[in-house]
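Add 1258 to a position in the sequence shown, counting from 1, and you land on the number used in my numbering.
Do not rely on the hints blindly, as some may be mistaken.
Restraint-style ranges between C-beta atoms, simulated for each label pair [unchecked claim]:
#, residue 1, residue 2, range
1, Arg1450, Asp1385, 29 to 39 Å
2, Val1424, Ala1342, 48 to 58 Å
3, Arg1348, Asp1317, 42 to 52 Å
Hints in this document: simulated from the structure, not taken from any laboratory.
Cβ coordinates follow ideal geometry from the N, Cα and C atoms, glycine included.
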Amino acid sequence: MSTQDSFGRSRAAGDRGTEAERVVVRDRRRIDPVTGEARAPGGGDRPSPGPPSPRPGPDQESEEIVKLTAELEERTADLQRVSAEYANYRRRVDRDRQAVVTAAKAQVVGELLTVLDDIDRAQAHGDLIGAFKLVADKLQDALTHVGLESYGSDGEPFDPAVHEAVQHASSIEVDGPTVSAVLRRGYRLGDRQLRPAMVAVTDRAGGLDDADLAGDVDAEIVEETTAPSAEPDAPESEPTSDPRATP
């Protein structure tokens, strides 16, 4: 036997051993012996499926529903709280902005009150005529448009919150403290008072009511009618002659 023949036989034996190692066993049964179910075509190489997972029971589903409902209510409450906080924030910002605007208007309008006083005095003296009256009317209309309001009139009840009393008088024709004359008008801008009205106040005289005053008047009339009349003066006596006088 030659060396070449021995080498050929050894190589052939090695090839057969390699082929034996590469043998793969395929399960081509159509019925799965474990589950007893039919296999899909071409699924022989796939691993057999495990046992099916158990389905959740009614109790477990109820617990999940309760949990989800509680979570939904919590999220809804959070959303409502955030919405309310944002609405309050918007209202507070708007209120602060309006307060700043009103304060700025009040500062500017307050500087023009003396001009309005001059206009009132000119009107009272009959000097508010011609072009001066036209300018005064435009100024008053512009200030009224921004919210300026004047107050104080004769005959209204005296209110120390909006009136400044600089004169005082008494009369039986009023029932209580009453504004008898407005010396300088008061002004307000919205809810902000710029200055009080300077007024003269009349109180009821002596605190007597109408019945007391009527009784006093009747008593005076009775006294006048019942007063005794004065006696007439005695006539002057003529001088008598002295009998001892000589003729």
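Hint by hint, here is what the structure shows:
1. Judged by the Cβ atoms, the range 29 to 39 Å given for Arg1450 and Asp1385 holds: they are separated by roughly 31 Å.
2. The supplied range of 48 to 58 Å is met by Val1424 and Ala1342, whose beta-carbon atoms lie about 51 Å from each other.
3. Checked against the hint of 42 to 52 Å, the C-beta distance between Arg1348 and Asp1317 comes to roughly 47 Å, which is consistent with it.
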